[in-house]
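Grab the two chains, each in its own frame, and use the hints to assemble them into the complex.
Going down the list, the protein sequences come from chains W and B.
The first sequence lines up with residues 1 to 298 when you count with my numbering.
The second sequence lines up with residues 1001 to 1262 when you count with my numbering.
Quick caveat, the hints were computed from the structure, so don't treat them as lab data.
Be aware that a few hints might be false.
[Unchecked claim] Covered, in the sense of this in silico footprint (three residues per stretch, anywhere, with C-beta under 8 Å from a C-beta of chain B), are these stretches of chain W:
| # | region |
| --- | --- |
| 1 | 144-157 |
| 2 | 177-187 |
[What the hints assert, rightly or not] The following residues of chain W were derived to be distant from chain B, with all beta-carbon distances above 10 Å:
| # | residue |
| --- | --- |
| 3 | Trp62 |
| 4 | Tyr76 |
| 5 | Leu85 |
| 6 | Leu91 |
| 7 | Arg110 |
| 8 | Thr117 |
| 9 | Tyr134 |
| 10 | Met172 |
| 11 | Gly207 |
| 12 | Arg233 |
| 13 | Ile254 |
| 14 | Gly258 |
| 15 | Thr266 |
| 16 | Asp267 |
| 17 | Ala279 |
| 18 | Lys286 |
Backbone N, C-alpha and C fix where the C-beta goes; we use that ideal spot for every residue, glycine too.
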Amino acid sequence: MASILRILPISFEQGLVYSLVAIGIVISFRILAFPDLTVDGSFPLGAAVAAKVIISGYAPIWGIVLAVAAGFCAGYATGFLNTRLKINSLLAGILIMTILYSVNLRIMGRSNIQLLTYHTLFTPMESLKISRFYLVIPFFFIVAYGLKILLDLFLHTDMGMAMRATGDNEQMIRSLGVNTDRMTLLGLGISNAFIALSGALVAQDQGFADVGMGIGTIVAGLAAIIIGETLVRAKTVRAFTLAAIVGSIVYKMIIAIGLRLGLAPTDLKMATGFMVILALGLPVLKKEKEGKLHLRGI
Amino acid sequence: MIRLDHITKVFNQGTADEKVAIDDLSLHIPSGDFVTVIGSNGAGKTTLLNLISGTYFPDNGAITIDGTDVTRIPEHKRAKYIGRVFQDPLIGTAASMSIEENLAMAEKRGQKRGLRWGVTKAKRERYREVLKRLELGLEDRLRDPVGLLSGGQRQTLTLLMVTLSIPKVLLLDEHTAALDPKTAHKVLQLSREMIENYRLTTIMVTHNMQQAIEYGNRMIMLHEGRVRFDVTGERKRNLTVDALVKSFGAVLKDETLLTAAQ
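Only chain B is shown next, with the shape it has when bound in the complex (with noise of 0.2 Å):
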């Protein structure tokens, strides 16, 4: 489904602050896996989720997405592949909107956006059956402005926007490292309810070495713009914090990752 052949992306080029993000890396991810990617600040987790999106560009390699090179297109034209929830709750919604309008525009993900009449009776409808689902009472709050909402509500809200219109590709960029520990268990809950009911290809990057086991069916570990560690099926389910600190601790040295493995 998604494969990075030997990606390179160097941040600052030829300045003094030059910083090698993604160093020749090459990852194939078939359809249906679910992938956690963990690593230390700066081992490049979220520049490979932008070079996947198309925020910015490789300088050297290819990405295909189903069989589509895309190492070109800009973003906006990759958007019909690709659902994508970050860490900033803010980030994936628009606050000044009302929480039907926010809807309405992620149903049209990757769709022409004509002079349609944005949220009508029936989409209204199916937006308070489909909020019904959350417990959050959102459904009868239609018209209000996202920007009234608390942080996990938005979060939750951004997860419900990428399956009014399946992608085939999920990236998740430590989207619960916002958010209480409560409202992160229901939030990753409802990610795995997701992923499972639409067999979504997923990428999601954690700081949370528990998290990273528990999830998935695969786990890579960046370090420095590489693939250090990558395990899948069976080793993947036997494998403990524990261990894996014994083993790449040294490696890590990153603070965060360390005492959420305590």
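Only chain W is shown next, with the shape it has when bound in the complex (with noise of 0.2 Å):
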């Protein structure tokens, strides 16, 4: 027991700074029913953009506004191969994603960058005399929390709610009067500028930005929605994102008790792979009938 305790924090902290790429999936499987996979090539882009921009002696603010943007530049270049080059949209977000690959190399310089002597958004935080996470933790929270009621306010605007319909009946919603194609990309781009955000605060939480460190991104991330709506039997917008942070914390924590109970961490993709698996193919097998939504972009 004590030693579960000893694992909350640490599941938090990461729990919260992962949901941000949970709420970007939500926005493009659940919200726009578009399988975007640009995930791994984004995530570390916005490590890449924070932690280039950190070294190169820039405010570590403007690292998390320039990932941002970055990303929201790769999942609009995902959707456009979509909606404007009729690519398949698995394909478009597999080319941009590996693309990402070589364009985090060049940003990076290198394979990676340890920012630990540098000044970073936690630097503050830690020169204190508390423990870090009673920072950190409140600190992750505010942002996801309140990117999370954003959203959810978007959403629910006339053109947020066009951007819903886009998912839920795209001829519907075209024959009044709305430009689908627009809607994909806003989506798909606002979708990876989350995802990005995470990459910039994980790199400077963790210390490093690594060319491999969005390896399996979408996997987890597809757990920990799965989780997500399990627990929380999500059926609106609002319980939709609220499911996919309750389902990052709740991923992460599982999966530091499985490495305290011996799960290898070079098995740990294969662990979460196998989770997503069994999640999705249970009720296939039982023959339960999903819910449309439920099944939407996966």
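Structure (structure tokens):
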């Protein structure tokens, strides 16, 4: 029990910062019904941009701003391939993800950047005499929950509803005068902006950016939203974004417990993959009927 | 109001599956006309509506709506002129979104959509009032997802959505074909009321000869992508299903159409 209590703070910290990835995936998979695989490239893109800005001597906040902008462009690019060049959505994501690998190496100039000796967003929080968790966890909570609320609000505006309808019934909303291509471009942009922001925060939190840090991000994010949606029983937009945060934290806890119980860190991605396969496959094997919303995008 | 000049639309051009859906068709529909369209499967009825709404563009010819050449204008930019109800009740509404959200989206048809709150209190009250008139009990279910409604309820809702932002042109594509007879009748009555109240220029595609004769002030029959028969006013009022079958039964050879006539 004591050891479980000890993993709580780190699970919360990581769960909250990675919940931005899960929220991004909610936008692409759940809202737009677009299975966007750009994620594995846009996450390290955010990290690479933030790290480069910081070691170049600029304030960390500029790293965040530029990372978000870069993430938006990455998602927009995937959307462009799909809507304008008519490339299959999965392939469009894979193409941009692959291109981003080279882009990230170019941005960083090498395969990883250490940030431990530099001034990051968290340096002021760590210089105090209290445990860093007392500051970092509330900070990530405010960022994640605040952005969740902003996104919820957006999705209930005229434009946000048009975006949701684009994923729900494209033919209908086009006949009501909405340019659905534009909605897809905007939605994927926002989605990957969230994900790149997560990458930028993770790089500063853990003290380095690495070109390989994005591998498996999409699968972990999917695991998080599946866990969250099961726990929250998500049906509304607000519940979906809440599920992303809850699921992300619980997922990190499960992983931490697994590692304590002897799961080899090298088997982590395999375990996560099996988790997603089980969650998607079990209902089919049990011949349960799934709601349309639940299957969307996967 | 709607003018089609020498429209041709060929699908799968240059392949073994080449199909001439619309063949050098010209049609002028004056403002306020209520035109019913019949024809056998593959006659080009739905293609005609899709060309007018901009779902796809014609290979040849020009389309004008209310004096504007819309031939190359994409569907979403024509939406401000056109209200449309499809045959499949699932197409007209977004299932995962609530009744009030669907209504609010329809009210904004063809307008710019910004960052204003989608469903305001004032709108909700107004929707409650208009829903009451449908007598389906939907006024108490404003926040329910539309996916919970029956096909008939969804089709009725789609019709109501059209009236929230009055279009210049109403396209009805066999919009009662998927409904049970009682619901179909109700939806048809509601359509007629709407068309008369707002003097909507309407094209209604139907598989049912009786409907085609009973509704509207003009009827056209399509065959192999051309207008085969075009009748208005007095002559249309005096038309009977029997006479129609006698004249065109051999051409139509459509079981659905003929069965409906019996």
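We went through each hint and held it up to the structure:
no.: 1; hint: 144-157; verdict: holds (count 3)
no.: 2; hint: 177-187; verdict: holds (count 4)
no.: 3; hint: Trp62; verdict: holds (26 Å)
no.: 4; hint: Tyr76; verdict: holds (19 Å)
no.: 5; hint: Leu85; verdict: holds (17 Å)
no.: 6; hint: Leu91; verdict: holds (25 Å)
no.: 7; hint: Arg110; verdict: holds (42 Å)
no.: 8; hint: Thr117; verdict: holds (42 Å)
no.: 9; hint: Tyr134; verdict: holds (36 Å)
no.: 10; hint: Met172; verdict: violated (6 Å)
no.: 11; hint: Gly207; verdict: holds (38 Å)
no.: 12; hint: Arg233; verdict: holds (14 Å)
no.: 13; hint: Ile254; verdict: holds (29 Å)
no.: 14; hint: Gly258; verdict: holds (34 Å)
no.: 15; hint: Thr266; verdict: holds (40 Å)
no.: 16; hint: Asp267; verdict: holds (37 Å)
no.: 17; hint: Ala279; verdict: holds (20 Å)
no.: 18; hint: Lys286; verdict: holds (22 Å)
Going through the hint list in order, the structure does not satisfy hint 10, though it satisfies all others.
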